[in-house]
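Spelled out, the chains give:
Protein chains: 2
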Amino acid sequence: MNIGEAAKASGVSAKMIRYYEATGLIPAAGRTGAGYRVYTGTEVQMLRFIRRARDLGFPVDKIEELLALWRDRSRHSADVKRLAQEQIDGLERKIAEMQAMKDSLQHLADACCGDHRPDCPILTDLGSGPVGQRA
Amino acid sequence: MNIGEAAKASGVSAKMIRYYEATGLIPAAGRTGAGYRVYTGTEVQMLRFIRRARDLGFPVDKIEELLALWRDRSRHSADVKRLAQEQIDGLERKIAEMQAMKDSLQHLADACCGDHRPDCPILTDLGSGPVGQRA
DNA sequence: ATGGGGCTTCCAACGGTTGTAAGGTCAAGA
DNA sequence: TCTTGACCTTACAACCGTTGGAAGCCCCAT
Chain X
1 MNIGEAAKAS GVSAKMIRYY EATGLIPAAG RTGAGYRVYT GTEVQMLRFI
51 RRARDLGFPV DKIEELLALW RDRSRHSADV KRLAQEQIDG LERKIAEMQA
101 MKDSLQHLAD ACCGDHRPDC PILTDLGSGP VGQRA
Chain B
1 MNIGEAAKAS GVSAKMIRYY EATGLIPAAG RTGAGYRVYT GTEVQMLRFI
51 RRARDLGFPV DKIEELLALW RDRSRHSADV KRLAQEQIDG LERKIAEMQA
101 MKDSLQHLAD ACCGDHRPDC PILTDLGSGP VGQRA
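So the sequences go chain by chain: X and B.
Here full-length UniProt numbering is used: the first residue of the first sequence is 1, the next is one more, and so on.
Here full-length UniProt numbering is used: the first residue of the second sequence is 1, the next is one more, and so on.
Take these hints with a grain of salt, some might be off.
One copy or any two copies: either way a pair holds, since identical chains are not told apart in the list.
[To be verified] Here are the simulated DSSO-like cross-link-like pairs (lysine-lysine), alpha carbons at most 30 Å apart as the crow flies:
#1 LYS102 with LYS62
#2 LYS15 with LYS94
#3 LYS62 with LYS8
#4 LYS15 with LYS102
#5 LYS8 with LYS102
#6 LYS62 with LYS94
Hints listed in this document are in silico derivations from the structure and should not be mistaken for laboratory results.
With the hints as constraints, model all of the structure from the sequences given.
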């Protein structure tokens, strides 16, 4: 199986497959005589694993840990759950942060009449407020 | 006013002030005979503007537009409001995306008993599911 | 004059992905 | 058999915003 076919089958682009190999996230694939990378079903499954973990927002270093657990038949599911919970917490934090941004901005936008006149509370606020809004 | 003092007064790091100058977001600051950058109150105010816009998640190119409107006394507040609304919509999209990730992951984590045993629906799902979960 | 801290420039890294360029290889059709 | 086009290879750069470091100069206080 070519890298292109593996990409199609896994949902991971050929570019990223090479990148993951270069960074050591996945082991180096076999090669044909001409130097083409060759992939087996197992390797495609691993790529799919990575793709799905990325879809859930896991950073690559966490995926490395997940892959290690995936391969470890004597793993404790508590370890997996802990990683998942950390990821949930991280997502929660980012969501809250962005929600706060959105709320602030919505508040300002609501106060802007949005017509041809130059007066705008959004600009007024940006230009005059205190510095440390994020604490 | 030194770059260090301007950084403290604006909440933008000296590093970033130089970066913003290099990329053209802000005009080049004046210099002392020794080559030190000099900042006036107006320039600090502009830096604060940038800082607050970044706190609201605006990307730099949008901040460039906001700054242009800020300086333009014949602006239409509708233009400002449009930029704000685009930013709100972008935040909304990202929030929804992360919320979907979080919900999926929470669902999986809830099904994982999280003990010493290796069986884990999280890993099972990651290793076996279909590819295009995000559509 | 000597030290410490701030300033200067330049270069690199983070994370994850994509684009591009220059070249080799494979398969199919004429 | 030759050509064509699609695929593969490597290597390098870009994106975004920020931080870190190194090497060297400047200013102030002791």
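Each hint, compared with the structure:
no.: 1; hint: LYS102 with LYS62; verdict: both (29 Å within a copy, 16 Å between copies)
no.: 2; hint: LYS15 with LYS94; verdict: both (28 Å within a copy, 25 Å between copies)
no.: 3; hint: LYS62 with LYS8; verdict: within (24 Å within a copy, 36 Å between copies)
no.: 4; hint: LYS15 with LYS102; verdict: between (34 Å within a copy, 27 Å between copies)
no.: 5; hint: LYS8 with LYS102; verdict: between (37 Å within a copy, 26 Å between copies)
no.: 6; hint: LYS62 with LYS94; verdict: both (17 Å within a copy, 21 Å between copies)
When the structure is compared with the earlier hints, no violation turns up for any of them.
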